[in-house]
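Visitor: Take a look at the letters that make up each chain.
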Amino acid sequence: MIALPKPKPEVLARRDEIVAALRAIVPGEGTISEPLRLKPYETDGLTAYRMPPLAVVLPTTTAQVAAVMRYCHQHGIRVVPRGAGTSLSGGALPLEDAVVIGLMRMNRILEVDFEDRLAVVEAGVTNLGITKAVEHEGFFYAPDPSSQLACMIGGNVNMNSGGAHCLKYGVTANNLLGLTFVTPTGEIVQVGGAHLDAAGYDWLGLMTGSEGQLGIVTEVTVRILRGPEGARAMLAAFKGTEIAGQAVDAIIGSGIIPVALEFMDKPCIHACEAFAHAGYPLDAEAMLIIEVEGSEAEQDSLLAKIKEICARFDPISLKVAQTAEESVAIWKGRKGAFGAVGRISPDYLCMDGTIPTGELPGVLKRIGEMSEQYGLKVANVFHAGDGNLHPLIMFDANDPESFRKAEAFGADILKLCVEVGGCLTGEHGVGVEKRDLMGVQFARHELDQQRRIKTAFDPAWLLNPHKVFPLEDAAA
Amino acid sequence: MSADQIAPHRESDIAREVALATETRTPLAIEGNGSKRALLRPVQAARTLSTRNLTGITLYRPTELIISARAGTPLPEIEAALAGKGQMLAPEPPDTRALFGADLPATIGGIVATNLSGPRRITAGAIRDHLMGIRFVNGAGEVVRSGGRVLKNVTGLDLCKLLAGSHGTLGVLTEVTLKVLPAAETSASLGIRVPDIATGVKALSAGLGSPYGVTGAALIPAFCGPDGPANHVAFLRLEDFAESVAYRGARLAEALAPYGDLRMLEAEESTALWAAIRDAQPLGAGDAEAIWRVSVRPSAGPGVAAAAQAAGARCLLDWGGGLVWIAGPATEAMHAAVVAVAAAARGAFTLFRAPEPLRAAVAVLPEEPAALAAIGARVKAALDPAGVLNPGRMRAGL
Ligand SMILES: Cc1cc2nc3c(=O)[nH]c(=O)nc-3n(C[C@H](O)[C@H](O)[C@H](O)COP(=O)(O)OP(=O)(O)OC[C@H]3O[C@@H](n4cnc5c(N)ncnc54)[C@H](O)[C@@H]3O)c2cc1C
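Those protein sequences? They're chains V and A, same order as listed.
Going by our numbering, the residue at position 151 of the first sequence is 151; the numbering climbs one at a time, nothing skipped.
Going by our numbering, the residue at position 390 of the second sequence is 390; the numbering climbs one at a time, nothing skipped.
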């Protein structure tokens, strides 16, 4: 279990006064303090951890966010920013003495410009909401986390979220132009704009993926892209993970960068097939879903090239979608992977390390051994093009011992990722979940360097102080 | 260049030199091969610390799309290694030797420290988007790592982005890891003779907003340089497998026909054209002239170009109209005009090249609002507590 900083008694004691002051800034429904109504805010996508906050405010303007931040800064009150609360690393987990600032009511689309290929949106607009606002002209917002129906752009910016198509289109950081954010001391700042590569330090880049440590993002300018003429997927199943890995290398080595290149191991194939009946080959040790884009003829030609490459690796099955519907069928199992694993085991931890892609076979073998050792089942999905591995560790939440083991198993996997040259997290963030593992990836002085930069933004460590950095740093 | 130059062969020696500089409060000018020494403001330092002897590719995994190299490795060496495997640095950093009159090529560390990207930036991203990992020496003389050697990594604050484009003021980069991509089988370009710049930028926008995967979108105005074309010409580039380029070229030509007379440039001509645009050659900037880069939203490009022309300068538009290269008289009045037009367009300017007196006299980058400037000063102090790394390079007094 992860420790949380001690609540400040002087803040807890002044709760009523604080709520009244917040209500004066964000009136009516916008300030929440009744225990029952705080309940939905006590956890996020990492549901094993819960903590009701002191209060929740749901501002509707940047000015309100700034006023709340100024008040909290003046009174030494901790603040936890929150988007949709889908973080899988406990990024939105509150503290007992903290005010949660929820951005969900800031959900307006402020500007869409197809000529300049950008949209300006408030932080609480959902990821899919952006695409919905531009798709009538054939445009889309590229990063597509599986949680895109719910998660919000402010959360995406702070987690630097990725998606199945980021091999071609990049992650959130590569698709942003500008931000408006409120500093921990309550000042409103704009960085970037509607143009590329703003001169000066790359504040936009530093803010992206900062996990709510440096400021509260209220507005985001994103790039929007024209969609391709079409897209189609194929499925390739192999007798071993090593062979599948070689096929991935051969595809990329041939100069083709597919838009998506997803890998599933045997337990994952079985779980997904039982759930989605997508026609996945149950005798395969590993399966790839490969998607390409372009005109019908371009898709045909690329898929033919990839099929020819895969054929060299003794595949069990090769299935090229002939139509958009067949493509959807191939994706169906993969897209439902989390739900499918959820059916086998009601509780699972979704891990998120990255490894050099060449290390995959060895890493999967070690994970298999650990699975036996811990007595917990695991299924692996892998963004094969970019090395981002998602082991889903199944456990029983009603059994504290099972949860403890699952956490230890997860930590061992992440240590392994670092050991083979990768990192703790590819897209889900450090949050509280991986906070205490930061010392595995970084040396003391490297963490101190990051900590000093956090302090440059947040001198009193009031913003999300229990995340990312080992706890002794937050207290210091 | 200052008289006293040190160029260690080892990272640990760089760390020692920086620690010593901080201890003795001795400012250091930081450079690689010094090919962009005349970029931004002149640095006041008695000592120069160069990474030029810190060379060599340390890791190259073509199938993992990753290359690592020590900071002093010359860019051509990296490009040659990548070309050997049919790969490239997608942001196509410019070769600024001609602009700066430098003999030696850029080092990879210098390219990252200046975050300089070429035409493909509009669709493929900037150098900073392809920077996956760094090692650098901070002001205290500590070797710090950020990122790594994998393509997806959100562990901790992203110091790669902070250091990219920080012009050696926050740390001395000692090793960088970049994402690489396959080079396209072939390329071709469409040249469109347009009646005016606004129409040209509209054509570029239409191309970039098409589903055909345009990878370069530039406009050479008739008043671009001494050897400028007779008419304004908008150029759009396609790069892919040959059959795709042929197909998309035809579709794009169809879609863009309403904007003006079209001409197709085949692979060789196309490649030469984009190398020239990348290096701002069409500007034909004279030795005594200053050069600015102004970044704005693309639709504001024509206004910037018109204002620059009215003030007596010439320009070249890249990034779909969003990057305006300007060449003109190296005077404070001309600089003020560029600053004003960039501000009016809510964009950013960089005084890219100028004689030293002008670079020392004016702000070479836009001022930041007070709240951000205060954070900037604290971040600088968090990395370089004694302020010894390239003082004054980006802003006076910082
Ligand atoms: C089923 C499922 C699938 C998922 N799939 C993916 C995936 O494919 N790829 C991926 O990358 N992630 C995925 N995630 C993780 C999650 O959806 C992302 O991290 C997402 O970006 C979080 O957005 P949110 O709005 O829910 O943010 P929250 O969870 O509310 O917050 C995330 C973090 O950002 C901070 N924050 C939020 N908004 C702001 C703001 N405006 N200003 C400052 N800080 C802020 C919070 O304090 C917190 O630290 C998945 C999650 C689930 C539950």
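Hints in this document: simulated from the structure, not taken from any laboratory.
Certain hints may be false.
[As the list claims (entries may be wrong)] Here are the simulated DSS-like cross-link-like pairs (lysine-lysine), alpha carbons at most 27 Å apart as the crow flies: (1) V:K266 <-> A:K85; (2) V:K307 <-> V:K239; (3) V:K266 <-> V:K239; (4) A:K85 <-> V:K365; (5) A:K85 <-> V:K307; (6) V:K132 <-> V:K405; (7) V:K335 <-> V:K307; (8) V:K405 <-> V:K377; (9) V:K332 <-> V:K239.
[What the hints assert, rightly or not] Selected chain A positions facing chain V (Cβ under 7 Å, derived; list incomplete): (10) Q44; (11) T48; (12) L157; (13) V339; (14) V362; (15) I375.
Given the structure is predicted, the values throughout are model-derived calculations rather than measurements.
Just so it is clear, CB atoms sit at the ideal spot from N, CA and C, and this is done for glycine as well.
Visitor: Next, verify each hint and record whether it holds.
Guide: Verification of the hints:
1. V:K266 <-> A:K85: violated (33 Å)
2. V:K307 <-> V:K239: Judged against 27 Å, a Cα distance of about 16 Å means the pair holds.
3. V:K266 <-> V:K239: Holds, because 10 Å separates the two Cα atoms, which is no more than 27 Å.
4. A:K85 <-> V:K365: Measuring from Cα to Cα gives roughly 30 Å; hence the hint is violated.
5. A:K85 <-> V:K307: Holds, at about 22 Å.
6. V:K132 <-> V:K405: At roughly 42 Å apart (the allowed maximum being 27 Å), K405 of chain V and K132 of chain V break the hint.
7. V:K335 <-> V:K307: holds (22 Å)
8. V:K405 <-> V:K377: With Cα atoms ~11 Å apart, K405 of chain V and K377 of chain V stay inside 27 Å; holds.
9. V:K332 <-> V:K239: holds (22 Å)
10. Q44: violated (20 Å)
11. T48: At 23 Å from the nearest chain V Cβ, T48 of chain A fails the 7 Å test, so the hint is violated.
12. L157: holds (5 Å)
13. V339: violated (12 Å)
14. V362: It is violated, given that the least Cβ distance between V362 of chain A and chain V is near 14 Å, above 7 Å.
15. I375: holds (6 Å)
Hint compliance for this structure: hints 1, 4, 6, 10, 11, 13 and 14 are not met, and every other hint is.
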